[in-house]
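Quick note, the sequences are listed as chains A and B, same order. So the first sequence is numbered by my numbering: it starts at 551 and just counts up by one. So the second sequence is numbered by my numbering: it starts at 2 and just counts up by one.
Treat the hints as calculated values from the structure; they're not laboratory data. All C-beta atoms, glycine included, are put in the ideal place defined by N, C-alpha and C. Some hints here could point you the wrong way.
[Stated by the list, open to error] Here are the computed lysine-lysine pairs in the DSS-like style, where the Cα-Cα straight-line distance is at most 27 Å: (1) Lys575(A) / Lys218(B); (2) Lys578(A) / Lys199(B); (3) Lys218(B) / Lys199(B); (4) Lys578(A) / Lys132(B).
[Claimed, not checked] If you want a taste of the chain B side facing chain A, the calculated C-beta under 8 Å gives, among others: (5) Ile32; (6) Ile34; (7) Val46; (8) Pro48; (9) Tyr71; (10) Val72; (11) Cys116; (12) Leu142; (13) Ala148; (14) Pro177; (15) Leu180; (16) Asn234; (17) Gly237; (18) Val289; (19) Gly297.
[Said to hold, decoys possible] Derived coverage of chain B by chain A (criterion: at least 3 residues anywhere in the stretch with Cβ under 8 Å from a Cβ of chain A; other residues may be distant): (20) 190–200; (21) 212–218; (22) 273–281.
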Amino acid sequence: MAKNVNPDAPLIKQGKWKYTWHMIKVNKGCYGLLAPFMILFTIFTLVPVVMSLPMGFTNFNMIQAPKWVGFSNFYTLFLNDDTFLIAIRNTLIFAIFTGPFSYILSFFIAWLINEMHPFLKTLFTFVFYAPSMTTSVYVTWQLILSGDSYGYINAVMMDLGLFNSPQQFLTDTRFILPVVIIVQLWISMGAGFLAIRAGFQNIDKSMYEAGAIEGIKNRWQELFSITIPSMGPQLLFAAVMQISQSFTVGVVGQNLVGLPSTDYAAHTIMNHATDYGSIRYEMGYASAICFVLFAAMLLANKGVNWLLGKYLD
Amino acid sequence: MAKRKKKQVSIEKLKVSDKRKRVNGSLGGDIVIFVFLTLLGLFMVFPLYYSVIQSLKPVEELFVFPPKLYVLNPTTRNFSDMFSVAASMWVPLSRYIFNSVFITIVICVCNLFVCCCAGFVLAKCKFPGDKALNQLIVTSLLFASNATWIMQFLVMSKLHMIDTYWALILPSIATPLGLFLMRQSMSTIHDSMIEAAKVDGAGLFRICWQIVVPNSKPALMTLIIFAFQGAWNLQGGSLIYSEELKTLPTIVQQITMAGLARQGVTFASAVLLLIPPLIVFLVAQSNVMETMANSGIKD
């Protein structure tokens, strides 16, 4: 053992596998430090994500043993389950608004904040980030949007003479989706926003100086030719956060308009999975839904990576 | 010390001259931006502000219509009412508060410990499989717990963790986001410090906790913020059905369901949930900015 401790070149001759094994032994301290994280991570993140595929092929009600049913869950999902198709449509609508839209909004807000006095910077960062820290102020939104004439929006609109009668914002299918989108946007500036905001501070100030000498005339030119290209890594990180957030929307809707919402107007894939997973206990079917969701997230992530990578290089 | 102060002044001056050299927008543009941000900011804080105001209103003011945006006679009645409302339930409110505080502390401490250890190894050590693990972490940033909890439910029921504290605590400990941020900020620490410690005969664990961790304070604070937010807002959902194990958010939701008649109490409980994360964020804000500056994903 003692003479093997030195991880030097001659060992490579013994073959790749032996060398790897040797390196593993030399670095066992590293694995020891990694172990607590990796064990918990495997049990609670890796296994659940990977398990969703094989479980998707079964019927499982938590009491009897899972029964293999082949592709039937996926057939039902895409061909027979109209609610799922509604959920996909809604999730995509949500994803567009709380994904790209909120992403670009975060970027612009961070950009505008960045030019300000340090105190205002801190204040605005706090103001924009604060809603994403809260999950408990649905009550206020419920008051504001309440369907009787005492709901604040209804009251204001009726005073101004724009509405003849109170509108049911939380149960009328015409309003549910936009209303939930607005509340979702309200809480969507999370870690991604912070990362972008911090990214601005990273930029080398001399770049701007050089830019000014080269003849950049206004803020827009500066933004597109200096700022964005030097923020690539932060933008990628924010994109990942945004995708993860926008594809799993559902909790807000669930709290605001109920599960299921009227005519499934705000039903998302996540709501659908919750419905089957924790109300009906059809875990096989719920797993299939989750798998579709995970696959969509991975695909979206690949796509965004590719797009940003192309733009940034 | 005096020398150092002098240096700082000169840097300050440099910054000013930097600004002058930069392209600057017009004054009109500045004003437009400021007004735009203020309006948007008001939209963002209004629900938060209004919840706080509502929770302080006495009954006479709560139901005044049109509602007032300020409170004339602030009172803490709603907060004390909240406890008496909860007293008529099976479990006293203090138990829910205890549950939330307990879970939050345990999650924060464990999350920090686990992420520091693993972050140090991924940032600073070379070993077979390190590249694959790094890739895995970056990919798994996507799968935050709000996406995976239904599948976690299956795993936990197999491990007989349903309806125990474990079900609340364990899934929130090993967060990919925490590890990722820790790794990014630890990789900015100079190798020479670690080399020096190795020469002095320190083991990996000691290097990690006596050299690397004390030098990544901003990242520590950031992790605390994220872990705190997550843990404080944690709802048991279908993982917990014993009343005495439920957390504060769960009970706030139950109070909310009671409807408008108890509006004061509803808002008081919402505010109780809302305030701690805001305070933690305000305290640690500058550290967060420093950590997030390293958060970029580099290929």
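* To do: Hint by hint, work out which the structure violates, then give me just those numbers in ascending order.
  => 1, 5, 9, 10, 17, 20 and 21
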